[in-house]
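Enquirer: Since the structure of chain A is already known, use the hints to place chains B and C on it.
Chain residues, written in single-letter form:
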Amino acid sequence: MMRVDALVAQLGGELVGDGSVLVRRVATLDQAGEGDLSFLANPKYLGRLKSSAAAAVILGVRSRDALTDRPRIVVDDPYLYFARVARLFNPAPMVVPGVHPLASVASTLPASVAVDAGAVIGKDVVLGEGVSIGAGCCIGDGVQIGAGSRILPRVTIYANCLLGRDCLVHSGAVIGSDGFGFAREKTGAWVKIPQVGRVVIGDDVEIGANTTIDRGALDDTVIGNGVKIDNQIQIGHNVRIGDYTAIAGCVGIAGSTHIGARCMIGGQAGIIGHLTIADDVVVSAGTLVTKSIHQRGVYTANLPVQPHADWVRNFSHLRHLDALADRIRALEKRLEERDSS
Amino acid sequence: MMRVDALVAQLGGELVGDGSVLVRRVATLDQAGEGDLSFLANPKYLGRLKSSAAAAVILGVRSRDALTDRPRIVVDDPYLYFARVARLFNPAPMVVPGVHPLASVASTLPASVAVDAGAVIGKDVVLGEGVSIGAGCCIGDGVQIGAGSRILPRVTIYANCLLGRDCLVHSGAVIGSDGFGFAREKTGAWVKIPQVGRVVIGDDVEIGANTTIDRGALDDTVIGNGVKIDNQIQIGHNVRIGDYTAIAGCVGIAGSTHIGARCMIGGQAGIIGHLTIADDVVVSAGTLVTKSIHQRGVYTANLPVQPHADWVRNFSHLRHLDALADRIRALEKRLEERDSS
Amino acid sequence: MMRVDALVAQLGGELVGDGSVLVRRVATLDQAGEGDLSFLANPKYLGRLKSSAAAAVILGVRSRDALTDRPRIVVDDPYLYFARVARLFNPAPMVVPGVHPLASVASTLPASVAVDAGAVIGKDVVLGEGVSIGAGCCIGDGVQIGAGSRILPRVTIYANCLLGRDCLVHSGAVIGSDGFGFAREKTGAWVKIPQVGRVVIGDDVEIGANTTIDRGALDDTVIGNGVKIDNQIQIGHNVRIGDYTAIAGCVGIAGSTHIGARCMIGGQAGIIGHLTIADDVVVSAGTLVTKSIHQRGVYTANLPVQPHADWVRNFSHLRHLDALADRIRALEKRLEERDSS
Chain A
1 MMRVDALVAQ
11 LGGELVGDGS
21 VLVRRVATLD
31 QAGEGDLSFL
41 ANPKYLGRLK
51 SSAAAAVILG
61 VRSRDALTDR
71 PRIVVDDPYL
81 YFARVARLFN
91 PAPMVVPGVH
101 PLASVASTLP
111 ASVAVDAGAV
121 IGKDVVLGEG
131 VSIGAGCCIG
141 DGVQIGAGSR
151 ILPRVTIYAN
161 CLLGRDCLVH
171 SGAVIGSDGF
181 GFAREKTGAW
191 VKIPQVGRVV
201 IGDDVEIGAN
211 TTIDRGALDD
221 TVIGNGVKID
231 NQIQIGHNVR
241 IGDYTAIAGC
251 VGIAGSTHIG
261 ARCMIGGQAG
271 IIGHLTIADD
281 VVVSAGTLVT
291 KSIHQRGVYT
301 ANLPVQPHAD
311 WVRNFSHLRH
321 LDALADRIRA
331 LEKRLEERDS
341 S
Chain B
1 MMRVDALVAQ
11 LGGELVGDGS
21 VLVRRVATLD
31 QAGEGDLSFL
41 ANPKYLGRLK
51 SSAAAAVILG
61 VRSRDALTDR
71 PRIVVDDPYL
81 YFARVARLFN
91 PAPMVVPGVH
101 PLASVASTLP
111 ASVAVDAGAV
121 IGKDVVLGEG
131 VSIGAGCCIG
141 DGVQIGAGSR
151 ILPRVTIYAN
161 CLLGRDCLVH
171 SGAVIGSDGF
181 GFAREKTGAW
191 VKIPQVGRVV
201 IGDDVEIGAN
211 TTIDRGALDD
221 TVIGNGVKID
231 NQIQIGHNVR
241 IGDYTAIAGC
251 VGIAGSTHIG
261 ARCMIGGQAG
271 IIGHLTIADD
281 VVVSAGTLVT
291 KSIHQRGVYT
301 ANLPVQPHAD
311 WVRNFSHLRH
321 LDALADRIRA
331 LEKRLEERDS
341 S
Chain C
1 MMRVDALVAQ
11 LGGELVGDGS
21 VLVRRVATLD
31 QAGEGDLSFL
41 ANPKYLGRLK
51 SSAAAAVILG
61 VRSRDALTDR
71 PRIVVDDPYL
81 YFARVARLFN
91 PAPMVVPGVH
101 PLASVASTLP
111 ASVAVDAGAV
121 IGKDVVLGEG
131 VSIGAGCCIG
141 DGVQIGAGSR
151 ILPRVTIYAN
161 CLLGRDCLVH
171 SGAVIGSDGF
181 GFAREKTGAW
191 VKIPQVGRVV
201 IGDDVEIGAN
211 TTIDRGALDD
221 TVIGNGVKID
231 NQIQIGHNVR
241 IGDYTAIAGC
251 VGIAGSTHIG
261 ARCMIGGQAG
271 IIGHLTIADD
281 VVVSAGTLVT
291 KSIHQRGVYT
301 ANLPVQPHAD
311 WVRNFSHLRH
321 LDALADRIRA
331 LEKRLEERDS
341 S
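Residue numbers (the numbering used here), protein chains in the order written: chain A, 1 to 341; chain B, 1 to 341; chain C, 1 to 341.
Bound-form chain A, shown alone (with noise of 0.2 angstroms):
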């Protein structure tokens, strides 16, 4: 239970109203109710805001006056505030330090480690403070994870890998599987090439459920700091990922390519193998990029959905454009030759 007023004064903003009102949850504005801190961040649900059962709302500068019966808190980005208070109202669970009976470990761990129930941990691993390993996770030799990382239940982090402060990573994911990396005998037969290189993890990085990021063949496959990796992920050997980057559920990234700072790439998107993109390039949902990007912006390709039927009617065309653009340009032609004759 906090009071508005004393909200504010922790993170700021403009309140309007009575600052005596407590809150202590934050909802949406549909489900709000008596003690719920709401926002409107989309001008467009502002019929939702007038129905809001909520105890006060966060509100942008143009949104100011839509309520003038409840306690306000007017900010630039009301969503970024939101965040913050959710966090602040929601804390990550403490981390009880501690080492579970049935967890298995070859290190030497700092005494505010939490290790819980099955994990099994290797030789020279260096944990920082207050790491906590989660049920039945396998943390290879020589890792090392910084001060503050959250490893959930059932992640694997292979040999050597690094990992930076704060990082939270999801159930299921796999860090430092091997790359895909072959040469073909003249049989057909492949070779496997070792691959000897690394994971390196910068901090404040998040990685969902059952994403896999495979270790480089030879250099490391790097991510960098603050980067978001949403589930189901697939990262190649040697990839390098820009700070602050974030990339949404089903992405693959094929080996080699490197990834600027700031990028957005949508869900399901695909980038193929030895590409450049640039800085705060965003890729659109279910794109697959194929040559490298180098102006930021929005880069899109993907395919209008339609009833069946039209999109049979339609979509033969494809299988024959080349043969179309030639009746066109014979139809140019022809005019063409009429007009001069």
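Honestly, the hints are just simulated from the structure, not real lab data. Check each hint, because a few of them may be wrong.
Where chains are identical, the list cannot tell them apart; a pair therefore holds if satisfied intra-copy or between any two copies.
Claimed, not checked - Quick list of in silico lysine to aspartate or glutamate cross-link-like pairs, EDC-like style, CA-CA up to 16 angstroms:
no.	residue 1	residue 2
1	291	14
2	192	166
3	44	30
4	50	30
5	123	141
6	186	77
7	186	65
8	186	76
9	192	77
10	50	65
11	186	280
12	50	5
13	186	243
From a predicted model like this one, the values you see are computed outputs, not experimental measurements.
Expert: Chains B and C only, in chain A's frame:
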């Protein structure tokens, strides 16, 4: 071993031919031999039926007399009948109650529950009668799972998620991981929004291997009754899926999208966030849905595969479709002008 | 540390220059220094070769004299030779036999086998000599794994599946989960069809992190010898894959599809069910295959990425391609009529 007439007495259908024949297994027409019951669901495979060595066959009404030398069970829907026979011959494995000494359990469980080695069960977990928790599973604090549900090895269910009765969750699935929710600071840095909703799953739901379902941000992610979800699927926060909807492998569904009942989503399809999909919608494989769909029906957006050289020739025009359309317009105008001159 | 002439004596190739130089590591041209052996596989990187500090270099015949100041190994296929040297310098880690006290083993295993902490091995499991089972693995009843295979941490192999010799399975992989097989009742409810086939995997197969391979419905799912499968791949029930086929990350292969030998399937490609793909077929990244392919060759269906505004302008026509084709036809007809009038 079971007589065909006993089978028909139990499951229905019309028996034609000798009911005393014994069957003990279901098999495809090609593989079937003595003691095997097979089925013909698609009249296209009539040839295989004739050459099959099956002891008895399940047939549709139209194929009633396609075989006259062997006992037949004639039914409306041979595939559905086959499914019922297959279940009769292959019942789910018995749950052997008991908690393995290498499991870690912090809640009070019914005596009928099975917990295998390496499983870790948190506090305040409520399991129904006959629930089985596979080896290496991690069940978070406050999780509730309905009677008869089977959680196969190496599944993670995060804190406070709810599963109904008779669910089947395959290995590697992760239920309740954080949704991908961040607000952006002016520097480009991301501020994590705590994900405090739950995942709420109905009865008789199957969840495939390595599938991930994120918990809601503020409200819940909700999966209806009888929903079938294949492997490698990503379901974002606050998604809602209606009863009996089936989703094939590798699909991604982005946050806050609501999908109706009895939909079928093809493999590798994607649905972006904040959309509404009506009941009884079929989305074809590989289709990215970028707009809400309000009418039942089949929807498609994928490309015809071609030999690479043809693809290069045809698809190069896609970058210039607008110019092509302009040239058609110009031709029409020139002819128009001539006609009117 | 190894002399270059000793390396050539062991692995072949033509030595040019001082054979007494010592090498102990493989490295990229850019990273190589003293003691490093590098390679030039693509003549495009000749510039990097000249500036490289590598102690010795593997070269193709055409680049034989591109460097004259350092020892060279001249071979037909520098990348393949590099792979062999890399394997020589980086042998697979020794398996240290023994069963960890925190493992749970219900079968009799050869003394040469290693089973790490938290692994759970069912009844009637048959492991070949020198097999290693990583931490947290779950190996179901009746599984058989050939000699020399390494199962890395947190892999699940369901009951009765077979793996050949010298396989390598990465963390998070799931082998033998149920195929996605259901019959539909008139109400829309799904009746599960028990999946009673197995997964049968050949020798020298590598399976990537978090990849899933479903067991067959009635018959088996079959993976040939020397097949290489990357991360995050889904292989449906009753799929068959021929020898030496390689499949890149995030691919989905739907049920009952048969893929030939020596195929290469690009990342994020998809193949729908019940198709046949010939030997030596290459499918480009991101391509959805919806028809069988009977001829070897390269097949493609993906879209050119464009700046978003260009994409909007060009791709809006895709919804109306049929109308565009009609307009071309109408123009042709009008010119035809004129010519004949």
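Enquirer: Next step is simple, just say for each hint if it's right about the structure.
Expert: Okay, the hints, checked on the actual structure:
1. 291 with 14: Intra 47 angstroms, inter 38 angstroms, cutoff 16 angstroms: neither.
2. 192 with 166: Answer is between: at 12 angstroms across copies they meet the 16 angstroms cutoff, but 35 angstroms inside does not.
3. 44 with 30: within (14 angstroms within a copy, 53 angstroms between copies)
4. 50 with 30: Within. Shortest intra-copy distance 10 angstroms satisfies the 16 angstroms Cα cut-off; inter-copy 62 angstroms does not.
5. 123 with 141: within (5 angstroms within a copy, 30 angstroms between copies)
6. 186 with 77: Between copies only: 10 angstroms across chains, 60 angstroms inside a chain, cut-off 16 angstroms.
7. 186 with 65: Neither, since 75 angstroms and 25 angstroms both go past 16 angstroms.
8. 186 with 76: between (64 angstroms within a copy, 11 angstroms between copies)
9. 192 with 77: between (51 angstroms within a copy, 15 angstroms between copies)
10. 50 with 65: within (11 angstroms within a copy, 69 angstroms between copies)
11. 186 with 280: between (43 angstroms within a copy, 13 angstroms between copies)
12. 50 with 5: The answer is neither: 22 angstroms in one copy and 67 angstroms across copies each exceed 16 angstroms.
13. 186 with 243: between (42 angstroms within a copy, 14 angstroms between copies)
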